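Chain by chain, the residues run as shown.
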Amino acid sequence: MKTKWKIELWCWIFLVPTLLLFVLFQGWPIAASLYYATLDWSGLTSDATYVGLDNFANVAKDPYFWNAFKNSFKFMFGVVPLNLIIPLILAVILNRPRLKGASIYRTLIFLPVVTTTSIVGIIMVFIWGSDGAVNDALMRIGLLSTPINWLGDAKWSMFTVVLISVWKNLGINMIYWLAGLQGIPKDLYEAAEVDGARGTKLFVHITVPLLLPIGAVILLLNVVNSLKVFDLIKTMTNGGPFFATDVVSTYIYRYAFSSEMGLPQLGYASAAGLFFAVTISALAIIQSVLNKRIKGRAKL
Amino acid sequence: MKILRLSLFHVVMTAFCIVWIYPFLWMVSASFKTQSEFFSNGLRLIPNSFQLGNLVRAWNEANFERYFINSVVISVSTILIVLLATATCGYVLGRYVFKGKKLVLGVLVASMFVPMEFAIIPIYDLIKHLGLMNNLLGVILAEAGGAHIIFILLFSTFFGQIPKELEEASIMDGCGFFRTFFTIMLPLSKPIVGSVTIMQFIWSWNSFMIPLILTLSSPNLRPLAVGLYALRGENVVDWTGIAAGGTIAILPIIVIFLFLQRYFVDGIAGAVKG
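Going line by line, the protein sequences match chains V and F.
By the working numbering, the letter at position 83 of the first sequence is numbered 83, and the numbering carries on one by one without gaps.
Take any residue in the second sequence, note its place counting from 1, add 1000, and you have its number in the working numbering.
Where hints are given, some of them may not hold.
[Stated by the list, open to error] Where chain V lies over chain F, by a calculated footprint (3+ residues, C-beta under 8 Å):
id: 1; segment: 1021 to 1031
id: 2; segment: 1219 to 1226
id: 3; segment: 1262 to 1271
Quick caveat, the hints were computed from the structure, so don't treat them as lab data.
All of these numbers come straight from a predicted model, not from anything done at the bench.
Just so it is clear, CB atoms sit at the ideal spot from N, CA and C, and this is done for glycine as well.
The shape of chain V in the complex, shown without the other chains (with noise of 0.2 Å):
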């Protein structure tokens, strides 16, 4: 019975490192978060008052706010389509074993992932620049005819960022995918195809079900980080021109860290955080129901 109890201790002695650190950069901060965000605080200096709920009424009142907010999910719903679907063809293309070249065509793609996304963003700005590669090559086929200032524009900035966010995510999403396929057994395709079914047919009856689980949990991960991007867009437009691309992390950046706006006000910066993370950890939330019944219909 000694020797059980000294065990337990040392599986607790194990399990500091990872708990303090849990403490410390994840628990507290989201109490921490709860209190300031009922305070009027600029975070600089110690004359903070509490002020309740306010800061709560004064982000739902503020119509930028709600344009971050929305320009979140614009940006969400942009992004997650195209990372879904695009990487999910490449996979089916690049999983074929005997296609030679495949390895690099991956490693060709799965480059941007592993690159810094602040630099890559300020290099995007000069390529898709009013005289960068992009307008060059548009131009030079004839598909423009003056050159589209892309991130600039208002009109075509959000369009911008999307895209380059796909390009930079896409690779990753192909290696979930390809995993999710190479997962699936060889000897449902050979016995599908001794009854006749090929291309096509073997995608949709076989492939297509059978990825869903992983598909799910895809989903899931690009929903919530499409909701968190901040490097991309803080280097490249800045949440501008005029708002168009300013999504509720470079809100809350804004409000938290720069003199953009006068004193930086924490309290009012943290209940704005507060409010989206609790929209994220919802819909999270939603997934992960929805996704274990997919699981759980996939099994039987």
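Dock chain F against the given chain V, drawing on the hints supplied.
Same frame as chain V, now just chain F:
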């Protein structure tokens, strides 16, 4: 016919891939161009002559030597902390039954869906109160913080599969809990250690928001990802210098990835499957 179709496929795919990585090729090429060539012939991928001036300027004058060292120090320290924390946690979660295990696991998994980016304000405040605001340790701790649940699950799955006899043998040899882990179990988990190291390396090297916020008042602590952003703010005309800085920041990570991509891709695939 089949050969024709296959070669057409490869031609299309190769063209697609070149367009796909054009931004990197362009960046590397621009970092060798002179300012005048950059503006007169900005889109060409092969420079007229290879000028090393931009790279030297970025490294010496724009402080990229400093940023580079900061990036290395932050990444390496973060990896060590994360490895220690996730390996020990994954080990006990994967192999032992103890009171409170379900609770710990549940809290860790639930935290995966809480968007921590919005907790950056309390983290900033915490680092300030710990007195680490003008210290790389602040950035390192904030980067290593968080639950890294994916890594913990990778470790716990791996350790869960190791046969019990191995552990019993080591206890017979007189090893305690601690020594069994560090001398027998941890060395066995090399593939997972490899995956976690490379994945965390890529994430730390590229991370932007935390170092941006924690180095707002201390430019000397910036890593490359933040340094280049600040340089662009100060200096919008020096595009070749910015391209050179981008090359210094991105090339190491691409090279490391190309050599170790198996670990990275396997780790990601394992994480999403599990």
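Checked hints:
1. 1021 to 1031: holds (count 6)
2. 1219 to 1226: holds (count 3)
3. 1262 to 1271: Coverage by chain V holds here, the residue count being 5 at a Cβ distance below 8 Å.
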